[in-house]
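Chains as they are written, first to last, in the numbering used here: chain A, 1 to 624; chain B, 625 to 769; chain C, 770 to 1054.
Mixed in with the good hints there might be a few duds.
[What the hints assert, rightly or not] Under the rule of at most 20 Å between Cα atoms (straight-line distance), these lysine-lysine pairs were calculated in the PhoX-like manner:
(1) K762(B) to K629(B)
(2) K583(A) to K695(B)
(3) K158(A) to K1034(C)
(4) K213(A) to K348(A)
(5) K348(A) to K583(A)
(6) K348(A) to K605(A)
The hints are simulated quantities; they were obtained by calculation from the structure and are not laboratory data.
Residue strings, one per chain:
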Amino acid sequence: MFDAYIGVLVLWPLVAGLLCLVLRSPGVRSTLVLATGAILAIGALGVASQVPFTANPGFLSSETALKVAEGAAFVFPAYFLLRGLMEKHLLVIVFACLQLVLAVVGMLNMPEPQAIASAVVCDGLSLALVLIVAIAGSLICIYALPYMKRHEEHLHLKTSRQPGFFLVLLAFLGFMNGMALSNDLRMFEAFFEATTLCSFLLIGHDNTPEARKSAFRALWMNALGGVMLHSGILLIEKQFGIVDIHAIINPALWTGVSMLPIALLAVAGCVKAAQMPFQGWLLGAMVAPTPVSALLHSSTMVKAGVFLCLRLSPVLQSTNTGRILALAGAFTFFATAALALGQSNAKKILAYSTVSNLGLIIVCAGIGTPIAVAAGVVLMLVHAATKGLLFLCVGDMEQTIGSRDLEDLRGMIAKSPVTALAACAGAIGMVLPPLGMLVGKWATLEAAQADPVIMVFIALGSALAVVCWVRFAGTLMSGKSIEGPHAHTSALTNMPLLTMLASAIGLGMAAPWINALLLPDADAASALAGGWGVMPPLFVVAMLAWIIGMKVLGRQSSVPLASPYMAGLPSAEPNSFVGALGKSWVLTEGNEYATELFGEAKLTKLAGVLAGAFLLALVGGAFI
Amino acid sequence: MSFLKKSQIKSPWLMHFDCGSCNGCDIETLACLTPVYDVERFGIINVGNPRHADVLIVTGTVNPRNAVVLKNLYDQMPTPKLVIAVGACGCTGGVFREAPNVLGGVDKVIPVDVYVPGCPAKPEAIMDAVVTGLGKLKGILEGSK
Amino acid sequence: MNLTTFYLAVAGLILAPLLGGLAAGVDRVVTARLQSRMGPPLLQPFYDVGKLMSKVIAPASQWQGLFVRWALVASLASDVLLAAGGDVLMCFFIQAASACFVTLGAFSGSSPYSKLGAQRELFQMLSYEPVFLVCVLCMAKASGGFDAYSMMGASAQPLLFKMPLIIPGLVFVLLIKMRKSPFDLSACHHGHQELVRGVYTDYAGRDFALLEIAHWADVVVILWICSFLWATGPLQMLVVALIALFVVILIDNISARLTWRHMVKVAAPVALLLATVNLLWLYLE
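Chain A extracted, bound-state conformation:
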């Protein structure tokens, strides 16, 4: 039974993607994508009902499968090298060559590692990633259907490029599931590299010069991450002769041994999670169509990086490597929250905020105690749903008004109320209690009690994030929207959006119980009795506030509103006043972005250097 679920989760998306490519008809494509969503949900629920378990499905453990994985270690870098040569992109060429060299070294020099007991080990962490892929990933794919149709209408393409797009998009979900579940490091690496390939193809999908530039930036950074990952794996194989992930993360194995391989793997995770100074590839990914940025940012791709770090957390717990990693994460959390505050581009706000929250999860991984890791997994799950929701909303509003600038999104609540309100709910969910993100942040802050510097960084980043998101929601609710057509609504747009809204709120509210599920029994009991015990009463209070608020909202919506106070001058229509000679003057509003403090020009270089120093210290410290 496990094998069937795992097969569905890993292989079906690939099959569906290939069918999309072959059959080409939009109707078939929609059916396939919707079916994939349903099938992934069933598979994820099936896995969830059995967790934790181990399994040995043939397609992940057989000789052939391992040969394919080994081949992938050559094929992916070779393809990257080819594309690098075609584009004459030096960094891609260098890192792809390095990856190839490492692959050759691995094939020639390495003894056959010990056979692993089970190819699939599914625990709470794997399940979290599988759920993210199944819920957020497939909703984004469904959302992509109407989005890509409009996107291509806008571009006036002669032949549709959607079949190829959906192949990569769907296959990507399968690779992510494979990565979440596999217990063999070589398999893990193959899936990890496959996601790099997918992200490269998806970011470059529109094939504009800007898209190509961003795609190659993503490629060289992730190839560098690949180099780190592969060298870490080779060192582990050489030293211990094992590739079983769950055997490797046994802390007893690492007492008195250099932590260098773990540090390398952690850095690979940081690159994938776009931690500073590697945040550039995620920001560049903004040029891609919204479903891509939503898929890469919110739900999956970047989660692969934090997944790897969280996976390593038992080994990192109370080691210097772990401490430095947590520090690097905390610094990224703070620095990118500041960068997000200085942005008016809505998608860049989302991107920086994503990097920031991933930094927080990396802090959890670096601290490595069960309570911290549970907080990290809660953050990972809730962030996927909430950020996915925000991406879908911003993408939808962008298609409505043709701009992604926050200033242009002002007053969207009047133009497309459903989307704007969902976005406001998402923004509130990012920062306010009693929803999951804030609760996770709070749990992290208390778990980081051993290190004051981390706590100060979290305190700073937390305040920056609150301001950023309240301003975001406030801007959508404020003023008069710009001229233009009203929103077009389609069931295929609203369905994923509202489901995502429901899961963001639902997961946000369920955070204490998810947390308790993930913890060992003793910790779970004490966590619910202690700090987390405050959540259920808070939910009652929140429900009460909701009921009172809705009643008042109903009453105030039905009465005529007061005329705006414009220093006494009368106002004929919203956002304007009647001035001299009876002329109507329109007010222009704007947010203060304080770019002299938080602008990219001011911060990026400095913060990048500092964050780079943290990562160097991470590797260097372990090396010494």
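Following the hints, complete the assembly by docking chains B and C onto the known chain A.
For chains B and C alone, coordinates are given in the frame of chain A:
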């Protein structure tokens, strides 16, 4: 008298609007806030926002330009509200009454509850007007029981 | 949760706004005396709220009533949490939520003054939140727990001696939260405000009255947390809170308003740095 009704008498927040005064009455009005007169003893606060004001104090003559603003400010105040016309100009238009650009006193535009004569009106007289106005409000509130 | 905690929570729910209102009354009287005036009666804030309650006025935006009620519930919840000995950090976050709802309501309003006030309110939040968090972290480190009871009953020796450097930070936070000069940027208690009433401009009538009650509850939370500095007994805590209140009123009366840039660039970093130094010192000990 219930606490809420009593509160209405004990917490009059004033907004002061200068329609077209020579500033004489304005200076006297603001003098009420100083330690010599200290109107805060009666719970009076000078506010700048009609949405928070209970009493509108108007000084100066009304002309076609500021009549619109005066009416608008009055409309933006919550009910129940009081209007006090301060000084000769506010009451009747004063010496500017016959000027071609002057409409006259405040009562040409909005209903006035208390008139304060004088050129300029004395602070004592202005304070007395507020108290008189509150007495009137008290009467209304008691009548509505 | 035992019965004592329950009674304490109920007491917090009822007493906190009343005490906050009294603090506001004390503030009005003391301010007047500092300016050689008589000042209003001590209960004036309650009359003000009662009056606002009975006013009839159309809302400036359909969302404001909702946000006001959310803010009030959040503020009261943070009081109750503190009274029931809950987690002080969570209590702070809930209170921050209240401030966020007030800001969102101001954003959704129609007057430009309200929106400008909302922008400034955001920068105020940016300035005081980290400072206050670090102050609470200092208290948690010195007392060994994040819950209010362990901070209140930490030791015979007052926490103050272990954390003298957080005092400027706490005063900074109090000045901002109580909307006092020099940091009464987004809204001010007095008439002399270049933004009319800033974030409060569009709130009126009953909504404004509820917001005022929420504000009282907020002030009580902050003063209460300040009083942890000398938590050797209820009387001592009350004295600390009154001293803090007086210091804030004094500063309000002798200083002029600063700009938000000054607050974000100078005042907040200095306060944060001092508090952080104190935190590091506690860890190195």
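Self-check item: Distance restraint between K583(A) and K695(B), which requires alpha-carbon spacing of 20 Å or less
Solution: holds (18 Å)
Quiz item: Taken at face value, is the distance from the CA of K1034(C) to the CA of K158(A) at most 20 Å?
Solution: Between K158(A) and K1034(C) the Cα gap is close to 54 Å, so the pair fails against 20 Å, i.e. violated.
Self-check item: Pair hint K348(A) and K583(A), alpha-carbon separation not exceeding 20 Å
Solution: Violated. K348(A) to K583(A) sits at ~39 Å, over the 20 Å cutoff.
Quiz item: Within a Cα-Cα threshold of 20 Å, do K762(B) and K629(B) meet the stated pairing?
Solution: Roughly 8 Å between the alpha carbons, so the hint for K762(B) and K629(B) holds.
Quiz item: Has the given pair, K348(A) with K605(A), been kept, meaning a C-alpha gap of at most 20 Å?
Solution: holds (17 Å)
Quiz item: Is the hinted pair K213(A) and K348(A) satisfied, with a Cα-Cα distance of at most 20 Å?
Solution: Holds: K213(A) and K348(A) sit about 17 Å apart, inside 20 Å.
Comparing the model with each numbered hint stated earlier shows that hints 3, 5 do not hold.
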